[in-house]
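Please work from the sequences and hints to get the whole structure.
Next come the chains, spelled out residue by residue.
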Amino acid sequence: MAGPKASSQSQATLSHTVSTLWKSYAHKTPDRLKFVDVFLTFLVLSGVIQFAYCVLVTNFPFNAFLAGFASTVGQFVLTASLRAQVNPENHTEFKEVSPERAFADFALGSIVLHFFVFNFLG
Amino acid sequence: MISPTSFCLSWLLIVVAHAHAASLSIQSPRFTITSSDASQLRADTLSLTQKPEPLTLGPSDVLKLTFQITETGEGNGVQPHQTFLRFYDTVSGEEGIQPVRVTPGGKAKFELNMARPPLSLPPTTDRPLAVSLILGSFIHDPATFDLFDLSVPSSATPAPHPDKASFHPQPPIVHTFHPEQKVPPKVISAFFAALVFAPWAVLLGLWSQVGVRVPHLLSPRILPFTALLGAFEALLVWYWVDLRLGQVLLYAGILALPTIFAGKTALATTGEWRAGKQ
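Order-wise, the sequence lines are chains A and B.
Under my numbering, the first residue of the first sequence carries the number 230, and numbering increases by one thereafter.
Under my numbering, the first residue of the second sequence carries the number 6, and numbering increases by one thereafter.
Don't read these hints as lab results, they were simulated from the structure.
Please read all numbers here as calculations on a predicted model, not as lab measurements.
Take these hints with a grain of salt, some might be off.
Claimed, not checked - Now the stretches of chain A that chain B is said to cover, found in silico as 3 or more residues with beta-carbon under 8 Å:
#: 1; region: 236 to 245
#: 2; region: 252 to 265
#: 3; region: 278 to 289
#: 4; region: 336 to 344
Unchecked claim - Straight-line Cα separation of at most 30 Å, DSS-like style, residue types lysine-lysine; simulated pairs:
#: 5; chain 1: B; residue 1: 282; chain 2: A; residue 2: 324
#: 6; chain 1: A; residue 1: 263; chain 2: B; residue 2: 282
#: 7; chain 1: A; residue 1: 324; chain 2: B; residue 2: 269
#: 8; chain 1: A; residue 1: 252; chain 2: B; residue 2: 282
#: 9; chain 1: A; residue 1: 324; chain 2: A; residue 2: 252
#: 10; chain 1: A; residue 1: 263; chain 2: B; residue 2: 69
#: 11; chain 1: A; residue 1: 257; chain 2: B; residue 2: 282
All C-beta atoms, glycine included, are put in the ideal place defined by N, C-alpha and C.
So, in structure tokens, the structure goes:
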């Protein structure tokens with residue numbers, strides 16, 4: 230029977246692929262981008278836990294849930310766009326946008342986002 | 006105490022008034038009940054002192070009532086100013102008043118056709134209606150005669166008015182409120198609070214592993230910008246705790262000016278450093 234053999238083979242390929250991807254990420258990604266990636270991971274975890282709490286336990290008070298969840302989602306979007314713009318590999322794509330300009334956008338966007346989020350906090 | 010003279014005077018007045026206001030009576034009152042095919046079902050004269058057996062009318066029968074109104078004693082007919090037949094249900098209190106036309110000679114004829122009952126007939130049940138004759142006059146004493154009891158087919162229940170649905174009292178509005186939302190048990194709250202804080206540990210742990218150095222954070226060109234960004238966040242926290250919208254917009258507007266300048270300086274500096282590095 231070829232089935233189990235094939236599947237174990239594909240599993241091995243998959244794990245190989247994943248480890249290659251991880252190594253490549255660990256070695257080739259600049260530390261600053263890793264720094265941003267960690268923040269993005271934090272935001273994802275935070276948002277998922279808040280959403281799980283809302284679904285599993287209660288959505289009361291709903292405005293606080295909206296504020297918390299919207300802040301993680303919004304911050305994720307802003308940070309992801311910052312990461313895309315400051316990534317040296319995307320330099321050709323964002324010729325007019327210097328990393329400083331991107332950071333200024335990020336800071337302004339974050340302040341506006343936090344303003345709205347605090348409005349919802351109640 | 007009444008004086009003898011005044012007593013005599015009042016007695017005299019009563020006698021005079023009585024003599025002046027002659028009373029009315031009715032002569033030869035008679036009723037006939039005929040069916041719709043004109044056959045006579047019952048006919049009799051009425052006695053004013055004793056009511057006859059209750060009269061019964063079928064759904065299409067006709068009652069005819071004739072009498073003459075005369076002055077008591079004299080015998081000549083008079084036309085009273087008002088002549089009414091009153092149909093009265095003693096139990097429900099419903100009554101109907103039907104004017105009767107009287108000739109100058111005092112003769113009166115009344116016809117009640119149950120195929121087309123008059124509007125003045127009150128709503129009826131299986132109980133008989135007490136029928137009485139009421140006479141009113143300016144120059145005679147008023148008179149009432151109880152004539153007979155009359156059983157008529159019970160009336161249909163009145164049709165509801167077309168606007169009744171709009172105008173009858175509506176049922177009272179009862180507000181049902183959403184039940185008060187409950188705070189989950191403290192254990193669960195504490196567990197999830199810890200869980201929500203857990204990503205901070207991940208964040209700080211991974212950041213320490215990545216180990217990005219920020220050598221210029223305390224540089225005089227960078228620090229004001231970071232401090233002002235921190236001030237913005239502090240302002241928003243203050244807004245949450247205490248401030249009103251107008252105040253926060255005012256303070257943010259004031260804070261924005263130095264932040265813009267500090268940001269321009271700081272980012273220009275980092276740009277130069279970046280260019281220098283490259």
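Tested hints:
Using a Cβ-Cβ cut-off of 8 Å, 0 residues of the region 236 to 245 of chain A lie near chain B, which falls short of the minimum of three, so the contact claim is violated. Beta-carbon proximity to chain B at under 8 Å applies to 4 residues in the region 252 to 265 of chain A; the threshold of 3 is reached and the given coverage holds. Counting residues of the region 278 to 289 of chain A whose beta carbon lies closer than 8 Å to any beta carbon of chain B gives 6, which meets the minimum of three for the stated coverage. Look at the region 336 to 344 of chain A against chain B: 4 of its residues bring a Cβ nearer than 8 Å to a Cβ of that chain, three or more, so the hint holds.
This hinted pair checks out: residue 282 of chain B and residue 324 of chain A have alpha carbons roughly 19 Å apart, not beyond 30 Å. The suggested pairing of residue 263 of chain A with residue 282 of chain B holds, with an alpha-carbon distance near 20 Å, which does not exceed 30 Å. Among the hinted pairs, residue 324 of chain A with residue 269 of chain B is consistent with the structure: their alpha-carbon atoms are about 20 Å apart, no more than 30 Å. Of the pairs offered as hints, the one joining residue 252 of chain A and residue 282 of chain B holds, with about 27 Å between alpha carbons and a cut-off of 30 Å not exceeded.
A hinted pair counts as satisfied when its Cα atoms are at most 30 Å apart, and residue 324 of chain A with residue 252 of chain A qualifies at roughly 29 Å. Taking the CA atoms of residue 263 of chain A and residue 69 of chain B, the gap is about 114 Å. The hint is violated against a cut of 30 Å. With a C-alpha separation of about 19 Å, the suggested pair residue 257 of chain A and residue 282 of chain B falls inside the 30 Å cut-off, and the hint holds.
Going down the numbered hints, you'll see the structure goes against 1, 10, while the others check out.
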